[in-house]
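Relying on the hints, combine the two individually framed chains into one complex.
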Amino acid sequence: MASNASTVSQPLLTADGTPLKVSLKRSMRRSKLRAIGLVLPPLLFLMLLFIIPIGNLLTRSVDDRLINYQMPLTFSIIEKWDSQTLPDEELFEAVYYDLGTINKFLITNNTGREVNPDDPGWRVIIPKRGPYKEPILKINPLWGEVETWMPLSRIVHNSLEYEGSKKEKRNVEKRAQFDICSYLTPLTNAACSRLFKVLKNWDQQSLPDEKFYKALYKDLSSAHKFLTGKSSTRMNYEKPGWKSLVNKSRRGFNKIKNPPYKEAMIKIEKRWGDVNVWQSLVAMKDPFTSGYYLNAFDRKYDVDSNVIMQPEERQVYVMLWWRTLLLSLIVTIGCLLLAYPTAHLLATLPLKYSNLLMICVLMPFWTSLLVRIVAWMVMLQQEGVINDVLVSGGILSDENRLPMMYNFTGTVIVMIQILLPFMILPIYSVMKGIPPSYMRAAQNLGATPSLAFLKVYMPQTLPGIGAGVILVFIVAIGYYITPELVGGKDGKLIGNMVAYHMQKSLNWGLAAAMGTVLLGAILILYWVYDKIVGIDNMKLA
Amino acid sequence: MSKGDSYVSFQSVQKSYDGETLVIKNLNLDTERGEFLTMLGPSGSGKTTCLMMLAGFETATHGEIILDGVPINNVPPHKRNIGMVFQNYALFPHMTVNENLAFPLQVRKFQKSDIEDRVKKVLEMVQLGAFGSRRPMQLSGGQQQRVAVARALVFEPKLVLMDEPLGALDKQLREQMQYEIKHIHENLEVTVVYVTHDQSEALTMSNRIAVFDDGEIQQLAAPDILYEAPENAFVAQFIGENNTLFGKVIEDDGEICTVNLESGETLKALAVNIEGVGSETMISLRPERVVVNPDSDYPNSLTAIVEELIYLGDHIRSRMNVCGHDDFIVKIPNSAQHAQLKPGETVQVGWLAEDSRALDVPVSS
Ligand SMILES: Nc1ncnc2c1ncn2[C@@H]1O[C@H](COP(=O)(O)OP(=O)(O)OP(=O)(O)O)[C@@H](O)[C@H]1O
Ligand SMILES: [Mg+2]
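Just so you know, the sequences run in chain order D and R. Adding 709 to a residue's 1-based position in the first sequence gives its number in my numbering. Adding 104 to a residue's 1-based position in the second sequence gives its number in my numbering.
A portion of the hints provided could be inaccurate.
Stated by the list, open to error - Going by beta-carbon spacing under 10 angstroms, a handful of chain R positions derived as facing chain D:
| id | residue |
| --- | --- |
| 1 | 212 |
| 2 | 216 |
| 3 | 433 |
Claimed, not checked - Mimicking DSBU-like on lysine-lysine, the simulated pairs with C-alpha atoms at most 35 angstroms apart in a straight line are:
| id | chain 1 | residue 1 | chain 2 | residue 2 |
| --- | --- | --- | --- | --- |
| 4 | D | 1240 | R | 216 |
| 5 | R | 275 | D | 1141 |
| 6 | R | 446 | R | 275 |
To be clear, the hints were calculated from the coordinates, so they are not data collected in a lab. C-beta atoms are modelled at their ideal positions from N, C-alpha and C, and glycine is treated no differently.
The shape of chain R in the complex, shown without the other chains (with noise of 0.2 angstroms):
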């Protein structure tokens, strides 16, 4: 992607609180216009600082944020329009809805006529126009998150950010909102900065996500390369499910190598992030892709223990002790061909080389 046509763009941006930490380390990320950029990554990992530097609201240690081609750094937050929806939502107690809403017109010096239009529609596109005349108090949280949602649109901002809105909803109402959220975003055509840490919420709803930890992006990628191609142990991990085996690579052709594992047993995997022959690696694998009692010409077989079944409908899953860790999950689909196991059955395992990664070690394990 050119630097001509992002929309937000970081450029090594770094943040410190106290002068001794950094919390955001070099951050560079373009935002392309009205794309839906998720930040996704663990409580503590920057994101709200993030937000908060491009609303406004913290400013940036060194570096750069640019909107729409424009630096930013010292403009004042209420001149740069960008709509946010608070973790909290922070609608203001004291107002009534359609109060609240009319807030950013009435700043703005819109025409009362045009305010009471602009309202009424925004209401109505979140599917609340009967609740006009109430305080945020008496709506319910999935009411209170959609009003936030409107204030944030209501003055028609070109960017809008969101920092984990559905963290207080239920899973069910969670899910309908981040549809509905979904479908506002590609009706109106903005751009979406979107704060969360649960990775569901985010594969579903973003078109990119940036995966942070420890105030850096891990990877930059669509929900589906990011869960397909993981390029370190941290999203590998934090992103679904996930086999890890360890072992020592004995050696590397440059797109599939050879891993020795703690146990014995040697493994084929695709080289994505190791660094050469000798290094330790941990190779990544999802559940679904393990075969139980594969053909003899997989390229990995090894010897497991059944510990465990859980029947889930569409599949079955099994836990099992493999190279002595009982933490290797594999998923069975329930279909008429599938293998009929037993717990404490012994039984071969196995996957195609293309099918599993050998990434680099993670720090904490």
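So here's chain D without its partners, still in its complex pose (with noise of 0.2 angstroms):
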């Protein structure tokens, strides 16, 4: 007993005389190493290819900066107005800064969040074809110091450092043009090559002259140009016609020479004059929206910032969301009743029958989905293979073939069918793994076949169930090449409305929201399902 207790009061040494705990600890320091090193490269591949753009999307979806720099001057006085009357001339004046002119470059951080609507610098005219100099450096003196040159000058000094192949050199260059640009202003894809120019042969010590500044205006000018395009569009997602509106507005502009801007602005185009336009530059005020998720649900603000319906027309999304989770639903439930005596016979036949039926249901997954699905066009269509069969047989008369493909029907059959396999092998791989001696047990124990297959069987196969089920949902709910192909009109899904975003209207932060949305349903779908049955009672193949 004595030896024990000192054994225990001191720390325990190894043959050397180092602590345990020590000699321990360095010898798992290695294997630590290699496990890192091992886990690594996959944990890279994981954050570029999935965390990242996934963070892209969350950030996508609300947010809204583009159209603070596009106006800053006038949401940074837009709180004063009383958003019931026709705005007075300030703000007038303010839009007619924010969109003629180029004024925000110079003045603003480009971020465009300081903003002091006092400074005189916003009514300086630049006129187009010069003197650029003296205006420029009446909007913001900084412009006539070395000082503020050198930040671009050693952009442009650095890319001509590179050395490299013709091409590569000229790449960078370019990238060169590029930065400049994104220094400049808050775009990143607006190219400065006339700055790039100019800057190249300068020695960086003497004063800059007037074809630096018209370099400066050419280069803010087409920026502008480019910026005020993507933020035009944006507020047509707020409200349709403003793309009109600012297109039209730009080139009418330049012909106003002097305030008062109000009636001017009217005049070149009456919308001005409408006081529902105003209201909804409010609504775009904040850098970071609600707003497209609102529009997923066909909802969006008014003028107090209250949530309200977007106009019946214009409603689509509530009822795309109800179908395509209708949809997922009926296709789950497809599945599963027939993936489970499909995973039965799979799990019980002889190995000799058991592998040709596994051949055929992994079949679907060495074809091409798309050859699968014309295969379905052949068959469902009302000149199809089911209809002539139908008529011929005379179940059908001629002009009632069934209509089963381009609509909600034809995609449930074809999506089920593709999605089979997910519900059949986790199923499958949990029925393979109850031994048959459980079922006789039951037998035995006097319970009638059936009864033993539900109150035995059966829930020892819920956690392929429930791992098929989440799958195969999970899978439906964000599918849209089947909708596409197959749906028609009546067919088309949530993930349609993605893809379309995504590449027909640009429309990301729509799409992103959408996504973002699919996203946190599948997730509260995991809650659910974890709080019921519990993640780790799961069983994929």
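Below, the structure is given as structure tokens:
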């Protein structure tokens, strides 16, 4: 006992006298390092290709800064407006400067957040044909100092120092032109080529002369044009008509030489006299918006930031969400009903037959998705195989051929077929692990075969059912290829809208918001499943 | 035994799975009410198949199985009212111990209170009163086994089948469980058909043992008879330790026969299973019946060289070379007057004619 007590009180030592803990740690360190080395590549891969894009998706769905870059002056004073009557001259003037001049790039820091509306620089007009130096210095005297130009010059010179092939050199220089623009403006994909050319030959000491300012003006003007194009698209989401209004106004603004701007602007484009147009501007003020999410559910903000429904003719998404949910449910249930007996057969048939059946189950994975969908088209269309058989069998008359393609039904049928393996495999793998002795034991204890199945076999397959249901539901809820091809008009789902906004309308904010809602729905589903069944109960193949 | 008092009866039962080979060849077996009958045999000899036919999960290809006077070939398993302990216990993993035990009662539509009472009683019988709310996974192997036994007994079947129920347990636990199962059998007066390939288990537990080999019963007898008086070479070799000597019968007076060994010596043995003078035979002899340096009036006496001695406390196990074979085992009791042997020493070994049995020659040797 005494010796025991002494070993407990002092730390254990190894043979050479180092404490056991220290030497254990030392021996563990190597294996830890190796483990980290093994884990790092997939982790990086995951970060780069999964976590970062999803983070990007989440930010895009709420990011509304573009419009703030465009309208810094307007938004800095718009709160003073009562938002009921037509605004007075001050606000008109602000819009005029924001849409018609590049002064914001010269005055503000390029995020457009710190704006002083009383800065006289806003009211300086740079004449289109110059001279440029004098007005620019009036807007912001800093531009007269060498120091202000130095960072730009450094970008140019760094790119010129690059050694490499001609093609590479050209690319690096192009890159530098982009960098200059993103230094001067919030835009990352506008090129400032004129500034690049001018700065290339600058000695970094002499004061910049007129040609510098001309280049600055020209480059910022084209960047501004680019920004206006993008932001007017965004404004159009808020209220249709904004894009054409901005485009028309921009051209007309050139003719306005002197204040007051209110009458002049309304004369150029009478929509400026519409108070609704101004009200929609208020809704876009925040750099972060939940507008895309509202839009994804057919809702929007009114002037007083209340959530209201979109006008009747623009309501589509809520219906699409319901349809997507319904279709996913039908497909999941359909898959389950078909997969359960199949999986049972797979698990219980003798090896010879079950292998064959397994090949049939896996066959879809070996054929192209498109080929399968086209095959279904051949089967299901009005002049297709099934209708032909029914008509020639006298079950249907020729006029009453069933519409099974290019509608909801077609989408359901084809999606069930495509997603069936995802249901069969997890259920099968669970069934495979249930020894037949359980069914025998249940019958031996007096249960009829059906009762034994219900009470003993089925509960044990629940983990597989859970995994299959979740898997199929998750895939179904975001599916878009099949609905695109066989869905027709009333078979389109949310996934198709996401694709549409990604590829056609380029409303990425809305697409991202929908994607995020889908992601959220899946996470909620997961959570519910975890509460009811427990995630660690889930068994995949 | 007359047909009348047999409880379970296999009548010329044959079974084939593939239509080519008979797994069970013409099985005739009668079990008395309340008997503990063990099927013992090497792996693949058809024991589980017999049990499965009895429980109704396999159908006999030919022949009749009769339970309590009723042919049951066409009775589905759930109507047979036979308790069964499966080889891997087959406790339902998604149910607690209590639910497992209540299952057979629920499907029989027992009253709720009645179910609770019975479950409690049977749990106490297997000494697991505190474990009712656990899942099978949370029990040790021995506890699971006891639950399996309890579940097979809770609906009070008259016949209980057990298929190697102790196969997964360690030696000590197995011995304890053997005792407990035996105890339960005696208390409840059920008929038990027990399958094992562990011969000591069979010997300690059973009223009678059916030794299986190759789909046939080789011998059906009480444990002591099986050990003392094996009827053929398979049983002699399968049960207990056994010395074998091969030779030819040269004389047979009906009770005692004279055998000429391959090495030339002549021995006398009980004529149990020989085909008359001139036939090949295998003499079987238990190691504890051999006497070292016997008196001169012993009928059988051979010269042996001591190869190896192993001290085992109560006896000394000696491996000797007899007639050119060095696998002749002798158990020398550890008593005051036992012979002091040394390896390499040459001694005489002898035994009585009644202690050695002339049997058939096993096919494989
Ligand atoms: N379902 C089956 N299909 C085909 N052959 C089978 C089947 N079940 C068992 N057999 C064969 O029948 C023979 C007897 O098997 P059985 O399971 O009855 O042996 P056993 O005596 O219980 O052996 P063990 O001690 O290993 O459990 C074996 O040769 C086995 O290969
Ligand atoms: Mg077996």
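Hints versus structure:
Because the beta carbon of residue 212 of chain R sits about 6 angstroms from the nearest beta carbon in chain D, less than 10 angstroms, this interface hint is met. Hint status for residue 216 of chain R: violated, given a least beta-carbon distance of 17 angstroms to chain D, over 10 angstroms. The interface hint given for residue 433 of chain R is broken, as the beta carbon of that residue sits about 40 angstroms from the closest beta carbon of chain D, more than 10 angstroms. This hinted pair checks out: residue 1240 of chain D and residue 216 of chain R have alpha carbons roughly 30 angstroms apart, not beyond 35 angstroms.
Using a Cα cut-off of 35 angstroms, the hinted pair residue 275 of chain R and residue 1141 of chain D holds, with the two alpha carbons roughly 32 angstroms apart. Note on residue 446 of chain R and residue 275 of chain R: the hinted pairing holds, with a Cα-Cα distance of about 33 angstroms set against a maximum of 35 angstroms.
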